[in-house]
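Protein sequences, first through last, are from chains A and B.
The opening position of the first sequence corresponds to residue 1 in this note's numbering, with each subsequent residue numbered one higher.
The opening position of the second sequence corresponds to residue 1 in this note's numbering, with each subsequent residue numbered one higher.
Source of the hints: derived by calculation from the structure; they are not laboratory data.
The structure presented is a predicted model; accordingly, all values stated were derived computationally and were not measured.
Check the hints yourself; a few may be wrong.
[Claimed, not checked] Some but not every residue of chain B turned toward chain A, in silico, with C-beta under 7 Å:
| id | residue |
| --- | --- |
| 1 | Asp31 |
| 2 | Tyr152 |
| 3 | Trp266 |
| 4 | Met272 |
| 5 | Lys282 |
| 6 | Asn331 |
| 7 | Val345 |
| 8 | Ala351 |
| 9 | Val353 |
| 10 | Ala363 |
| 11 | Thr366 |
| 12 | Ala399 |
| 13 | Val401 |
| 14 | His410 |
| 15 | Leu433 |
| 16 | Arg436 |
[Unchecked claim] Here are the in silico distance ranges between beta carbons for each label pair:
| id | chain 1 | residue 1 | chain 2 | residue 2 | range |
| --- | --- | --- | --- | --- | --- |
| 17 | B | Glu182 | A | Ser403 | 53 to 63 Å |
| 18 | A | Glu128 | B | Leu60 | 49 to 59 Å |
| 19 | A | Gly139 | B | Ser58 | 45 to 55 Å |
| 20 | B | Gln356 | A | Ser52 | 29 to 39 Å |
| 21 | A | His124 | B | Asp283 | 52 to 62 Å |
| 22 | A | Gly325 | B | Asp283 | 25 to 35 Å |
| 23 | B | Gln120 | A | Arg392 | 35 to 45 Å |
| 24 | A | Gly139 | B | Pro204 | 41 to 51 Å |
| 25 | A | Arg284 | B | Val417 | 20 to 30 Å |
| 26 | A | Lys212 | B | Val417 | 39 to 49 Å |
[To be verified] The list that follows gives simulated cross-link-like pairs (lysine-lysine, DSBU-like), each with its CA atoms no further than 35 Å apart:
| id | chain 1 | residue 1 | chain 2 | residue 2 |
| --- | --- | --- | --- | --- |
| 27 | B | Lys319 | A | Lys319 |
| 28 | A | Lys319 | A | Lys306 |
| 29 | A | Lys246 | A | Lys212 |
| 30 | A | Lys246 | A | Lys306 |
| 31 | B | Lys319 | B | Lys246 |
| 32 | B | Lys319 | A | Lys246 |
Cβ atoms here follow ideal geometry from the backbone N, Cα and C, with glycine treated the same way.
Protein chains: 2
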Amino acid sequence: MTGRLIIPASLVLCSLLVFEVSRLETSAAPDIAAYVRANQHAIVSELTAFLSIPNVSSDLPNVQKNARHLRRLMERRGIQTQILEEGTAPLIYGELTAPGASQTLLFYCHYDGEPVEPAQWVGHEPFEPVLRDGPLSRGGAIIPFPNEETPYDDDWRIYARSASDDKAPIIALLAALDAMQESGISPDYHLKFLFEGEEEAGSPHLAEFLGKYRDLLGADLVIFADGPVYQTGDPTLYFGVRGIAKLEVTVYGPVRHLHSGHYGNWAPNPAMQLSQLLASMKDRDGRVLIEGFYEDVRPLTEEERKALEGAPAIEASLKQDLALGWTEGNNRGLPELLTLPSLNVHGMESAWVGDQSRTIVPAEATASIDLRLVPEIDPVRQQERVVAHIRRQGFHVVAEVPSLELRRRHEKVARVVRHYGYPALRTPMELPLARRLAGAVERAGSRVVKLPTMGGSVPLYVFNDQLGVPVIGLPTVNPDNNQHSPNENIRLGHFFRAIEIFAEVFRM
Amino acid sequence: MTGRLIIPASLVLCSLLVFEVSRLETSAAPDIAAYVRANQHAIVSELTAFLSIPNVSSDLPNVQKNARHLRRLMERRGIQTQILEEGTAPLIYGELTAPGASQTLLFYCHYDGEPVEPAQWVGHEPFEPVLRDGPLSRGGAIIPFPNEETPYDDDWRIYARSASDDKAPIIALLAALDAMQESGISPDYHLKFLFEGEEEAGSPHLAEFLGKYRDLLGADLVIFADGPVYQTGDPTLYFGVRGIAKLEVTVYGPVRHLHSGHYGNWAPNPAMQLSQLLASMKDRDGRVLIEGFYEDVRPLTEEERKALEGAPAIEASLKQDLALGWTEGNNRGLPELLTLPSLNVHGMESAWVGDQSRTIVPAEATASIDLRLVPEIDPVRQQERVVAHIRRQGFHVVAEVPSLELRRRHEKVARVVRHYGYPALRTPMELPLARRLAGAVERAGSRVVKLPTMGGSVPLYVFNDQLGVPVIGLPTVNPDNNQHSPNENIRLGHFFRAIEIFAEVFRM
């Protein structure tokens with residue numbers, strides 16, 4: 001793996017508050033549910049204690065403090081732990097063998113957090129967890145943590161950095177172990193835990209360390225316990241993620257900004273050339289027109305298609321929330337469209353607009369493009385297709401800043417800077433362990449959303465690549481958790497449900 | 001006239017140094033040329049003294065000091081002066097009647113200057129004029145002003161703010177009066193002078209004052225003595241300017257930036273929509289595709305066509321200098337293309353590119369567009385044509401920021417903010433006074449460039465509108481004078497030639 005992993009896409013910009021998060025009805029094994037009910041206060045205390053330790057990725061001393069704390073929590077459950085790497089943010093490994101088990105589940109979480117902007121946190125510091133009687137966005141007020149006699153309400157929320165991303169799932173995993181022990185139930189799998197401390201810094205060493213500890217980390221399934229559940233708030237499984245590759249395209253006009261009156265319809269305008277180039281890439285329904293763009297797409301399996309059909313429709317609510325009068329793809333559903341590769345212009349710039357604008361022919365124009373990938377599409381090959389398309393539009397394509405001599409020699413010149421990214425991953429829903437996992441989550445939830453792929457990109461492929469193990473995403477936190485933003489929170493109903501889900505998974 | 005005039009376009013971004021400015025051979029009347037040669041030192045001293053008074057538009061006390069100084073220079077020549085307006089930067093009027101003359105020429109110049117950035121001036125302060133033995137850009141060094149025995153070289157230059165824009169033409173006009181008086185020649189016209197002190201501030205009151213002093217300012221021809229000569233350095237006349245109107249178009253995606261993975265080929269992308277919209281406006285040769293865009297263009301007269309054919313070809317040198325491998329308009333010449341209306345995207349923005357870029361579906365995208373106008377095209381009507389085109393592309397067009405409700409109701413929404421601008425002006429070359437003016441400039445120059453129109457926009461129409469007088473532009477300063485930039489300069493050959501040109505014009 002070259003370069004850093006990017007920040008998992010599932011964790012960015014997901015703070016949609018579209019749906020009334022459904023009040024989950026407990027349907028898991030009564031023993032676990034009863035344990036959670038009876039031990040709410042201790043479990044929440046364990047979470048808030050963990051949230052009180054600042055964990056911004058770049059703050060190594062505190063990240064190490066988190067690691068020491070977490071390691072103690074793990075060992076208290078009889079998990080055998082090792083710090084695999086200490087020079088960087090500690091990579092914590094834990095193992096709990098199950099007598100008689102033949103298969104192994106590896107759970108991945110991260111205990112570091114995004115940077116904080118304390119001024120934007122309402123009513124408290126990011127590392128001073130508070131309880132609110134509802135979401136801040138709907139006027140939820142800070143209330144005292146209740147005494148042992150008062151039960152927690154599912155709609156109450158803990159506000160603190162990393163409440164959802166990703167400390168709550170860690171505490172839920174540990175609480176699930178307690179619940180099983182208390183209920184006298186043994187896991188049916190050997191359990192392994194890998195807790196990373198630099199995920200929000202882009203997981204710069206994860207691929208390397210996975211390769212290095214390949215033998216130690218051997219498992220039958222990696223469960224990626226990070227990210228929010230589906231927009232409806234229902235328990236969710238995603239069997240894949242889209243890959244990503246990026247391109248930045250700069251096209252050139254005159255060597256310096258020119259007066260648009262004096263040179264206005266003579267000097268080529270790079271903003272117009274870029275517009276014409278980008279417009280040639282997609283039709284007005286959003287279908288990509290680049291040759292071969294959809295060529296390698298692996299057809300959906302019957303099970304994937306059924307899962308898509310089963311996903312609750314969210315488009316109407318999303319359109320309302322996002323103020324959209326139209327969507328790409330001829331009214332096809334969002335989950336289905338996410339099984340296709342995409343081309344997205346995520347930034348565009350040429351000279352100035354608004355108050356800063358000047359009546360010039362700009363010297364250059366740039367667009368940043370991301371390509372989302374689905375299985376069988378090679379990131380480099382997909383980039384090549386875009387570059388070939390740019391060439392077919394009459395551009396001489398270069399990788400470096402073109403010399404003036406080169407610009408004089410060619411009618412149109414485009415500089416394309418490629419950012420590699422990484423491929424998609426999709427684990428077949430037909431895998432026996434995948435089916436069992438779905439069954440376990442279903443037992444813990446009234447309705448489970450199974451997505452063949454998440455739209456965003458997370459480098460899950462490294463687990464597959466380095467360990468040769470299939471990966472499935474099991475998010476548990478509420479979708480409106482403000483992750484990566486001020487006022488991050490976890491809805492307690494989702495937190496408690498996560499414990500029940502994990503307990504089901506341990507014995508699935 | 002509503003709103004402020006914009007900064008005359010002729011004066012912005014013209015600092016091309018493409019051509020070896022031609023060394024002008026003196027061919028004017030020997031008496032004037034001899035006077036200039038004999039009085040070089042006094043004339044240059046008068047210019048440098050004027051340049052030593054700071055004249056940044058916004059610095060009213062110093063602008064007033066310039067006005068007092070200039071008024072004294074005018075009165076020394078027997079010009080009857082008045083300060084027409086004093087509350088603002090003084091508007092100076094001067095009048096010199098010619099016995100037996102029946103027609104009147106009104107000369108317009110401005111004595112204020114652009115702001116300065118002293119740190120970027122090489123070797124001296126902007127208001128401490130220095131002499132260089134060549135252009136700074138080619139290593140010209142500061143040399144002492146010579147004593148009376150040493151003549152000035154035509155290629156030497158004075159460096160100071162306003163050296164070219166627009167103090168040298170003012171001093172040249174006054175020196176031309178001296179030269180005629182010394183040679184015993186009388187002007188054949190009543191001469192009027194209007195010297196503005198807030199041109200670089202956008203001439204906020206000019207239209208109003210022209211209307212107010214309409215009777216006083218009555219003339220047969222306005223000579224606009226500002227701006228640089230043609231890129232070849234040859235004496236130049238422009239009989240018109242393009243008008244201008246601007247539009248800013250914003251198109252909308254989701255109400256907030258969305259994760260491009262999770263919503264990537266479902267949420268409409270405004271950068272792509274804007275690209276498609278802009279691309280629909282021009283073909284790949286640069287011809288505007290908007291209905292009616294060229295409809296009102298007044299055909300060129302025979303004389304205008306001949307003038308275009310006579311303009312020296314500069315395209316090859318410009319392409320070399322500007323690093324262009326191609327130009328719009330199917331290889332038609334620059335001066336010819338400037339007789340057509342244009343549509344130019346002068347700025348474009350959506351989210352971020354480069355290091356700042358994030359993989360999002362942007363919430364909106366904006367393009368700033370300028371329309372250059374030629375005679376008979378109404379600015380508002382041309383804007384309307386663009387708006388109608390945007391509607392035909394499927395956009396619901398609004399003037400204000402659209403409400404979320406409105407965005408939900410329409411598939412595509414564009415906000416179009418219109419900036420009015422002003423119409424073009426073109427004075428017929430066939431006018432007797434126009435012909436005489438061309439003859440006069442020709443007598444003073446070995447080669448004269450006559451342009452039916454300048455490409456840029458200057459609100460010359462206000463003279464025509466308010467005074468009912470035709471206007472012709474008579475620039476005299478070198479094209480590489482760095483006007484509006486640090487290290488502004490005047491080439492002395494052009495300065496001395498300006499005196500001869502004006503003397504010819506006074507008796508044309």
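Verification of the hints:
1. Asp31: Interface hint status for Asp31/B: violated (36 Å vs cutoff 7 Å).
2. Tyr152: 30 Å, violated
3. Trp266: 5 Å, holds
4. Met272: 5 Å, holds
5. Lys282: 6 Å, holds
6. Asn331: Result: violated, 10 Å to nearest chain A Cβ.
7. Val345: Holds - the Cβ of Val345/B comes within 7 Å of chain A, reaching about 4 Å at its closest.
8. Ala351: 4 Å, holds
9. Val353: Hint on Val353/B: holds, closest Cβ of chain A at ~4 Å, below 7 Å.
10. Ala363: 9 Å, violated
11. Thr366: 5 Å, holds
12. Ala399: 16 Å, violated
13. Val401: Since the shortest Cβ distance to chain A is 12 Å, the answer is violated.
14. His410: At about 5 Å, which falls below the 7 Å cut-off, the nearest Cβ of chain A leaves the hint on His410/B intact, so it holds.
15. Leu433: 26 Å, violated
16. Arg436: 27 Å, violated
17. Glu182/B x Ser403/A: 53 to 63 Å: This hint holds: roughly 55 Å between Cβ atoms.
18. Glu128/A x Leu60/B: 49 to 59 Å: The hinted range 49 to 59 Å holds for Glu128/A and Leu60/B, with Cβ atoms some 56 Å apart.
19. Gly139/A x Ser58/B: 45 to 55 Å: At 49 Å between Cβs, range holds.
20. Gln356/B x Ser52/A: 29 to 39 Å: Holds - the Cβ-Cβ distance for Gln356/B and Ser52/A, about 33 Å, lies within 29 to 39 Å.
21. His124/A x Asp283/B: 52 to 62 Å: With Cβ atoms ~59 Å apart, the hint holds.
22. Gly325/A x Asp283/B: 25 to 35 Å: 30 Å, holds
23. Gln120/B x Arg392/A: 35 to 45 Å: 44 Å, holds
24. Gly139/A x Pro204/B: 41 to 51 Å: 50 Å, holds
25. Arg284/A x Val417/B: 20 to 30 Å: 25 Å, holds
26. Lys212/A x Val417/B: 39 to 49 Å: 58 Å, violated
27. Lys319/B x Lys319/A: Distance of about 49 Å is beyond 35 Å: violated.
28. Lys319/A x Lys306/A: 24 Å, holds
29. Lys246/A x Lys212/A: 28 Å, holds
30. Lys246/A x Lys306/A: Cα-Cα ~31 Å, so holds.
31. Lys319/B x Lys246/B: Given that 35 Å is the threshold and the Cα spacing comes to 27 Å, the pair holds.
32. Lys319/B x Lys246/A: Judged against 35 Å, a Cα distance of about 33 Å means the pair holds.
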